[in-house]
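Top to bottom, those sequences are chains A and B.
Numbered continuously in my numbering, the first sequence closes out at residue 153.
Numbered continuously in my numbering, the second sequence closes out at residue 402.
Since the hints were made in silico from the structure, they are not lab data.
Just so it is clear, CB atoms sit at the ideal spot from N, CA and C, and this is done for glycine as well.
Okay, the calculated beta carbon distance ranges per label pair:
hint: 1; chain 1: B; residue 1: Ile-309; chain 2: A; residue 2: Glu-98; range: 55 to 61 Å
hint: 2; chain 1: A; residue 1: Thr-80; chain 2: B; residue 2: Pro-205; range: 26 to 32 Å
hint: 3; chain 1: B; residue 1: Trp-339; chain 2: A; residue 2: Ala-81; range: 18 to 24 Å
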Amino acid sequence: MKARHKRLAMIVAGLVLIAAAAVLITKSFRSNLVFFFTPTQVEKGEAPKSGNFRIGGLVEQGTLKRLPDGLRVQFKVTDTAKSMLVEYKGILPDLFKEGKGVVAEGSLNQDGLFVATQVLAKHDENYMPPEAAAAIAKAQANKTNTLSTENNK
Amino acid sequence: MDIVKSKSGINWLKYASPKTFYPLAGQLIPWFSVGAAVLIVYGLYLGLLVAPTDFQQGEGYRIIFVHVPAAWFSMFLYLLMAGYAILGLVLNAKLSHMMAKSIAPTGAMFTLVALVTGSFWGKPMWGAWWVWDARLTSELILLFLYIGYFSLQSAIDDTNRADKASAILAIVGAVNVPIIYFSVKWWNTLHQGASISLTKAPAMAAIMLKGMLIMALGFWLYSIAVILARVRCEIMERDSKAALFRQDI
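Hey, can you work out the whole structure from these sequences and the hints?
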């Protein structure tokens, strides 16, 4: 075995050890490294009972409403299985919309209402011109229309 | 050292010697610089003027044309640096260490660009300049790794020892790169998933994709030009150090 083969073997062995350590560390951190909990996880009690945490999901269609005092808004965050009512006082980000992703930071009050101190919009990885988005929406609407008319027959 | 000859009859190891590499690098730099300038100007033209607005983010998404290529190269250059560090340690090749050392500042610059442009993007779109999610945090760690690498290089006076110590740091830090890349898959992050990957069709309009890829290519040529220039300085510097040492004796 030449000296340089020995060095290569040592580096490869070192890299394998480091990679193994990294895998173990990231695995054990998995639960701590989550940026937000989904409503289902909160239901199961995986989120902290007291103190601040973040919930994430989609803003449920038709649930966004402004309270009579004009400052607070309420909406439901859903992961399509479970949903949670969130209340927030402040300015919502531009991309905040019903049916779109959201991450809210805050805590649960006694009534099980999630009072948010910060609301962040989570957007997806799709980029396209507005015309293309409109065309896709139209195509999908047509599809559901034809499906429903077929069902009516 | 045994002489390796490839099938084409070219002695590739010749270029591992700083003496032959120095003039070769000098000849290549103008080509890569011009190529980089042309591609970056064209890419910016496509990205800022030709590409359409985005259906949900409006004009703000255009930062993607700098942010994403910069983030790619922050990771890619780190892997390249670690690769040269391994070569340097295994073959005891001085030029490999010089390459690794010359890559670090460019990699750090791209990391900083990715972090800063990401921050400018995050404020209007997410509603926050910075969040401690896995993607952003691991990219910040990458910046610290780069800074740690060249601090360690310059902290040790003996060039050979500095090369070896910093090479080990570069290799150990390489585990961070897959963590950055897959962070959006492994954990719930605020950062969105990858629009472009090898396994699925790109989730963006063709013209946007074209602009981004041309910018990435431009960044690649820029990196090569700057790194080669830095390697030439490094060769000169080490050579003059050695000359001084010879005079001392």
